[in-house]
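Participant: Sequence lines, in order, name chains A and B. Read in order, the letters of the first sequence are residues 1 to 81 in the numbering used here. Read in order, the letters of the second sequence are residues 1001 to 1506 in the numbering used here.
Keep in mind that the hints were calculated from the coordinates and are not lab data. Small disclaimer: the values here were computed from a predicted structure and weren't measured. Honestly, I wouldn't trust all of these hints.
What the hints assert, rightly or not - Computed beta-carbon distance windows for the label pairs:
1) A:Gly69 <-> B:Glu1482: 42 to 52 Å
2) B:Leu1391 <-> A:Thr23: 25 to 35 Å
3) B:Ile1470 <-> A:Gly56: 28 to 38 Å
Beta carbons are placed, not taken as given, at the ideal position from N, Cα and C, and that holds for glycine.
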Amino acid sequence: MALFPIQGIYQDDFVVLLVPIDTEDPMTVVAEKIAHHAAGIRVPPHEGELRVRYEGELLPPDATVVDAGVPPMGVLEVVAT
Amino acid sequence: MPKLRRSEWYDLARDLNWNLSYVTEEEAFPEEMSNHYGITPNERWWGWDEPYKVSYREYVHNQHGKDAAVYSVNSVVARSRMFEELDPGWKSAIIAHYGAIALPEYIAGIGESRMGRFGRAAAWRNMALFGTLDETRHGQIQTYFPYTLLDKEPRMDWAHKALHTNEWGAIAARHLFDDMFTANDAVSTAIQLTFTFETGFTNLQFLGMAADAMEVGDLDFGALISSIQTDESRHAQQGEPTVKILVENGRADLAQKLVDHMFWRSWHIFALLTGLSMDYYTPLEHRSHSFKEFMEEWIIKQFLDQFRDFGLEPSWYWDSHFVPELDWYHHALHLGVWFWRPTVWWNPDAGVSPAEREWLEEKYPGWNDTFGVYWDTIAENIRNGAEEKTLPETFPIVCNMCQIPVVTPAGYRAGKLDSPLPHLLVHEGRQYVFCSEPCKWIFEQNPARFAGHTSVVDRFLGGEIQPPTIPGALAWMGLSPEEMGQDATNYAWAHEGREAPGAAAS
């Protein structure tokens, strides 16, 4: 387990955020951690499953950043599916 | 004794140019101070001729008169209640202005004095001497005026303090101004400071701000800005003859590149400071134009005229990046500054009451759908008493060029960008983040100049900010709880037009 910084974008938000996650977080948790800073804050919470997109590809919900090959400060988008 | 007309002696007294024999040109004009960009020997610069002429005697006489007038206004206003009665949003605009501008004006004296010594023609050095004195005056007067308001508004202290802190806006200003004049050669300073920034942006901005100040009843600030503008319009003319020399000597390409570089950087800081002031902080009843209208009618028109007059082209990003940003960029920055309000030294005025939103929609059709929706969610949280949801728990990513938060998702949502993603670049093993294609382009033109700098986010991740928390970062930025920005109207805008405002403005 280790703290791991990423750049996070919540769908329809206006800004790119610095979000600390953990190397062992599955993408479901990563999505929640990014959404925490925008959903219900500046953007109404999206309905449906939240998925994480990296370099144009949706990542498996149980993958970690290590599994997906996301580097520190990689850009992760949270999108509702 | 009859005096000669100025035109009969001016050129003789001014043009103290001579060929060097005891030292080489390179020794007298080192490249890092005065890059000749291939235009040698120095005689090729001696045709430099300023359009507006002034003698030292006239200069001193004029400046004395200006100071006497503007300090008199300050003295009278200081004994009145004029400042207390100003609109809270306008107060925020001038507190932000003083912090961001007062010391950079003083530092601009370094750039002017570098041209005053290392400009390659005596006429240029003469004008730059006046410019040095101007900028010294502007630094002094813009720290003195806020000083006289300290008992009414302690954060006026930031006129002197801001540039000495790690506050993110101060870092953005330092990064820009170091690039523009503190660490620039004389030729590039003339093109980038006087031609691009002053002629293109601040001279016109100061005209507009002076008019706005008088409109809202701020005689003190109006007199100050008018007085400064008259100096700006004189010393800013150093750019034009420098561009002419470059163009005449086949270096239009260099002039173009220097303008392209600094226009973009100036635009971003201008959007941050002036965009917010014009469209959100100035009281609605006193707004004579929107920021976009001001840009279109003054800045864009003048630049296009200049490009045409000097045989230059509109910058490569003009239609593809710059013009589209007029519709969304400063709206996104305003939202960010308001949301991260504890990180600034002024009280951001949300400026989104029902009447103000109507004005924004009229000036920027579609504003309610693109930006109003964010404010809907924020206003609801305020009305529900959930203020904590309107305050940050993390930081935005910051651009490694302009040092301003990356708001590309807003541009994407407004339909002006193809992607919400920031622009990334790996240079010598380090990843850099940029808010726009032009910011990345500026870096790529001269990576060695910019690569060593670290943004606020880089410093946070590098362990320089301890403890690594929001309160730790605010302390690192030099912001005490009393200095941190709060909503300028205590959220009155969120309750306006609603019944029973439970947490109405006090």
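Participant: Please go over all the hints and tell whether each is borne out by the structure.
Facilitator: Evaluation of the provided hints:
{"no.": "1", "hint": "A:Gly69 <-> B:Glu1482: 42 to 52 Å", "result": "holds (47 Å)"}
{"no.": "2", "hint": "B:Leu1391 <-> A:Thr23: 25 to 35 Å", "result": "holds (28 Å)"}
{"no.": "3", "hint": "B:Ile1470 <-> A:Gly56: 28 to 38 Å", "result": "holds (32 Å)"}
Taken one by one, the earlier hints all hold for this structure without exception.
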